[in-house]
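As you go down the protein sequences, you meet chains A and B in turn. Numbering of the first sequence is given in the working numbering, commencing with residue 88 and proceeding in unit increments. Numbering of the second sequence is given in the working numbering, commencing with residue 2 and proceeding in unit increments.
Misleading hints may appear alongside valid ones.
Stated by the list, open to error - Just so you have them, the derived chain A footprint on chain B, three or more residues with Cβ under 8 Å:
(1) 305 to 318
(2) 365 to 379
(3) 386 to 393
To be verified - If you anchor each label on the Cβ, the simulated ranges turn out as follows:
(4) A:Ser193 <-> B:Gly266: 42 to 48 Å
(5) B:Gly128 <-> A:Arg107: 44 to 50 Å
(6) B:Asp335 <-> A:Gly195: 35 to 41 Å
(7) A:His110 <-> B:Asp226: 56 to 62 Å
The set of hints was computed from the structure by calculation and includes no laboratory data. We put the beta carbon where it would ideally sit given N, CA and C, even for glycine.
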Amino acid sequence: MTTNTSPESLYQEIILDHYRHPHHKGLRDPYDVEVHHVNPTCGDEVTVRVKVAEGPDGATVQDVSYDGQGCSISQASTSVMTDLVIGKPVDRALETSEAFLTLMQSRGQVEPDEDVLEDGIAFAGVSRYPARVKCALLGWMAWKDATAQAVGGTAPQDRTASRTTGGAA
Amino acid sequence: MTALLAQGTSYDVEAVRADFPVLTRVIGGRPLVYLDNASSSHKPRQVLDAERAFVEQHYSNVHRGVHTLSQEATDAYEAARTTVASFLGAADPHEVVFTKNATEAYNLVAYSFGNARAGSRFALGPGDEVCVTEMEHHSNLVPWQMLCERTGATLRWIPLTDEGRLDLSELETLVNERTKVLAFVHVSNILGTANPVETLVARAREVGAFVLVDGAQSAPHQVVDVQALGADFFVATGHKMLAPSGIGVLWGRRELLDAMPPFLGGGSMIEVVQMGGSTYAPAPERFEAGTPVISQAVALAAACDYLREVGLDRITAHEQVLTARLLEGLRDLDGVSVIGPDSLHSRGSAVSFAVEGVHPHDVGQSLDELGIAVRVGHHCAAPVCRRYGVPATTRASSYLYNTEGEIDALLEGIRTVQRFWS
Ligand SMILES: Cc1ncc(COP(=O)(O)O)c(C=O)c1O
């Protein structure tokens, strides 16, 4: 019966939970950079704000908040992303982001590391649906973009023009 | 198909289905229900066989040699043109230009106009206008935006009513003495709306504007007679009408095609070539630079033959039964709304809808788990989604091989989706 939640299925319980009860959703102050990314093929949109602060281990992701509209996959992966990066040193958060990207590009061939990706491992099945990989990466790419700007100190000159096109997805 | 013909007037959908090998596929443990025909249709054995027979026995480049195969290939290619011309009701096969798809055809006309010398009847400049509609596929919108950008002309558009039809209340203002081109979709791929060609053509004629009709969604489903439509250009695309991808059709009045400047330059489109410059062949060669889409043209002709054999009127009638059943079923579902005309009046078989609280991507993915193929997204008509305040829609579009049982499977599938996502 649809829509099944077997291990191979796209719609894992964890994903549905994050979709129905998203974490850290809603735009918050203070923030350093805000970006707006869209998925031009389906119209999904996300606005992400990032606050970076100096911590004991160097630059640290102090807060990430977001708002957006889109399918369950894009909304849930953005929620998971906030859990995984908030409070982490920027370098480690970027490593996590790379691990998620690798998983998404794996076409189901990579065994995800739960220690690194936590709830993110629920998205392993998404990598077998190339049409949905872009959805899963929308929030991550927006976060990465905002964080690069925050760390690089580039002023958020254009807060709305960024897109996820041409990215790894 | 023999069964179908033997049946006389009753439409034997099972006989039609037997011609389409893909329809025996099982997806997710269930028989495939293919309701994504507005995006692309499947191909019957007759079309596949015709293409294969041509490539195996008669293939060569066309218009280029004296050997036997070259002549046979040229004959087959030109016979395909004649078949397509007759399928569209054209007066003359020279009025049919083969392109790679519909998109190339709009670009061909727009770039040709853009190449016209100042003072030519095709030239546009500041003060001139191009009028389209708010329901255009991006492919019949963006080329005109680009033409306006290059020439300084102004783009205007006919807006939409809440029920998904053209709002013609300002037609006289929107299409006026400055309008050089009126380009509009015959049947909308996202709303399903069939537009009032006669009214639009009549207004364009009053002001002397050229008229281009986008028939990508009409030619596969209904009898088209380009002469009766009264437009100057008509566009169709093979892959939506049982032919392979890679072949499109531009029909244009011969007198216009012979006078328009070329779009792409190269082999086949020339008359005399010297180092200092060239003169150009008349249409259709003028617009078919380079080696054309040869075997796809042959296959398109086979598709036209197939459609005529089944009977376009019968196909239209069959689709109306399916569309009526779908609209009625959707109306009975709580939390589902149709985006576009909710009655059979002046509409095709593409039906877009929204399922409250479930994103179209999730609707489409969940239906796929039931073996049901629909399209989700903005259907290359993003302004339409914006107009109706939705990020995307789910669209079911039926064709000659779909059944009432498949419509029921879709409706049941939507109920399952609603339960899962509630
Ligand atoms: C109404 C309409 N016009 C134009 C096109 C473009 O056709 P093609 O992609 O074959 O160029 C489509 C197909 O998606 C369509 O539905």
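*Looking back at the hints listed earlier, which ones does the structure fail to meet?*
1, 5
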